[in-house]
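*Asks:* With numbering that gives the first Met the number 0 as the guide, the letters of the sequence shown map in order to residues 0 to 475.
No false leads were slipped in.
The calculated lysine-lysine pairs, modelled on PhoX-like cross-linking and capped at a C-alpha distance of 25 Å, are:
1. K283 / K316
2. K12 / K469
3. K198 / K273
4. K91 / K12
5. K131 / K409
6. K284 / K270
Label pairs and their computed distance ranges (CB to CB):
7. K303 / P267: 16 to 24 Å
8. Q157 / K405: 24 to 32 Å
9. E287 / M330: 26 to 34 Å
10. E28 / R406: 40 to 48 Å
11. A93 / T44: 26 to 34 Å
12. E402 / E64: 20 to 28 Å
13. K237 / K284: 14 to 22 Å
14. A29 / K154: 18 to 26 Å
Worth flagging that the hints you see were computed from the coordinates, not collected in a lab.
Just so you know, even glycine gets a beta-carbon here, dropped at the ideal spot from N, CA and C.
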Amino acid sequence: METILNHAFAHQKYFEEMTRIPHGSFHEEAYSAYLEEFAKAHQFTYERDEMNNVIICKPASKGYEEHEPIILQAHMDMVCEKHRYVDFDFAKDALKLKLEDGYLMAEGTTLGADDGVGVAYMLALLDDQEAKHPMLECIFTVQEEVGLFGALALKKEQLHANRMINLDDGGETATCISSAGGMNVIFTRPNLQVPMQEKAYRLDVKGLKGGHSGGEIDKERGNANRLLARILYAVNAKFNMQLHMMDGGDKDNAIPREASAVFFSDAPFIKLEKTVQEMTALIKKELEFSDANMEVAFYETSAKTAMSIEDSENLLKLMLSVPDGLHHHSMSIEGLSTASSNLAVIHCDEEVMLNVSLRGALESYVDDLAITMDILAEAFGFETKHEARYPAWSYDEKSELREVMKRVCKDIYGKELTLLAVHGGLECGVFKALNPNMEIVTMGPLMEDIHTPQERLDMDSFDRIYIFLKTFLENL
Numbered sequence: 000m001e002t003i004l005n006h007a008f009a010h011q012k013y014f015e016e017m018t019r020i021p022h023g024s025f026h027e028e029a030y031s032a033y034l035e036e037f038a039k040a041h042q043f044t045y046e047r048d049e050m051n052n053v054i055i056c057k058p059a060s061k062g063y064e065e066h067e068p069i070i071l072q073a074h075m076d077m078v079c080e081k082h083r084y085v086d087f088d089f090a091k092d093a094l095k096l097k098l099e100d101g102y103l104m105a106e107g108t109t110l111g112a113d114d115g116v117g118v119a120y121m122l123a124l125l126d127d128q129e130a131k132h133p134m135l136e137c138i139f140t141v142q143e144e145v146g147l148f149g150a151l152a153l154k155k156e157q158l159h160a161n162r163m164i165n166l167d168d169g170g171e172t173a174t175c176i177s178s179a180g181g182m183n184v185i186f187t188r189p190n191l192q193v194p195m196q197e198k199a200y201r202l203d204v205k206g207l208k209g210g211h212s213g214g215e216i217d218k219e220r221g222n223a224n225r226l227l228a229r230i231l232y233a234v235n236a237k238f239n240m241q242l243h244m245m246d247g248g249d250k251d252n253a254i255p256r257e258a259s260a261v262f263f264s265d266a267p268f269i270k271l272e273k274t275v276q277e278m279t280a281l282i283k284k285e286l287e288f289s290d291a292n293m294e295v296a297f298y299e300t301s302a303k304t305a306m307s308i309e310d311s312e313n314l315l316k317l318m319l320s321v322p323d324g325l326h327h328h329s330m331s332i333e334g335l336s337t338a339s340s341n342l343a344v345i346h347c348d349e350e351v352m353l354n355v356s357l358r359g360a361l362e363s364y365v366d367d368l369a370i371t372m373d374i375l376a377e378a379f380g381f382e383t384k385h386e387a388r389y390p391a392w393s394y395d396e397k398s399e400l401r402e403v404m405k406r407v408c409k410d411i412y413g414k415e416l417t418l419l420a421v422h423g424g425l426e427c428g429v430f431k432a433l434n435p436n437m438e439i440v441t442m443g444p445l446m447e448d449i450h451t452p453q454e455r456l457d458m459d460s461f462d463r464i465y466i467f468l469k470t471f472l473e474n475l
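Sequences are here, hints too, so could you generate the full structure?
*Replies:* Spelled out as structure tokens, the structure:
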């Protein structure tokens, strides 16, 4: 089989092998089996649980037998996003890799460098007989991208070390010191439809950047779901209109890039089009510097049923009332978001369903937003469920592990280690809750536009971080 990466470097080899095995969230079985076979082939002690988490232990190298053990941790699942025009099945197809100007990408889809790089680093270390390190407890988790479910299923008894390197965050010469907690609020109501005879129209919002709903929520990018509702609300204010369906977003942790609606109206196409164009021009002006490539398409289509006028209006009112975007930022750490929400998903099947992702550096921020969501749901005829709550990771002022990392960073890069607090949810919070005495640092290579089809990995950084990780372990 043709290879794109340099398999003389074990971490590159294992990353490319991973891209050939489907491993989207909730579909990690095949890759979990791959890890199990890897552990058996190398005669390592391992555990594979019913969630498909895998823990592989490697004895300390010679001279490190008395050193404290350490956990290495990464998640094996990836966000499965693709351009709508791309014919690709994440359940069975291998990713199509390409190298451009030192960056690795996948053609038309997400790459899965988040967090395939961490998985590749661990496999390379497990396979390296010359590496110097304490006893390694390598934990490969599942379903991180959809709610940290794999990590949340772990039990305290499964963890033996009091030190951990999370390989899912960093950015060279940087380590994370805290992360947000959060949960999802799911809005539902029956999707009651009545027969229709008027012309149907379709409205598409597309071309937006999207991005990670934690790390990029402060960048003023357009949310396709909310922008779609905004245009439709303007149409509804002028003309009779009933919704057949709305559909946008797939992942709660991704800012939606595309959304569509089909609706009925007895107004002439040309008048509807004028309103759509007027609203599009206003929005494009607002997004001129943050999301300039937004496109809106409006055309005739066909459908046979629609929601009532009241249900249509209530759905649009809810979508425009739900808080979306950044709500609080830190007054002590420049650039840190501390509370946000993301109107991530809207689907209309047997039920009308909205998924709103909440994040907060404090549990009280999340609780406050959740109360707001519940009040709005009741006002507009929806029910809510709170799902997938995960804990925040608070800053530990003292950490011997972090001090060693600072010294190694200075030795290798000649730079001081940057300490980062992030607005994304990390599995670190779950591990800290399982073992409050756990010292945790994070690291990872430079990558861009994760959770989008534009995702790309800096290959030089990918190589450098592996050297940094090996050197760090030698010093523990």
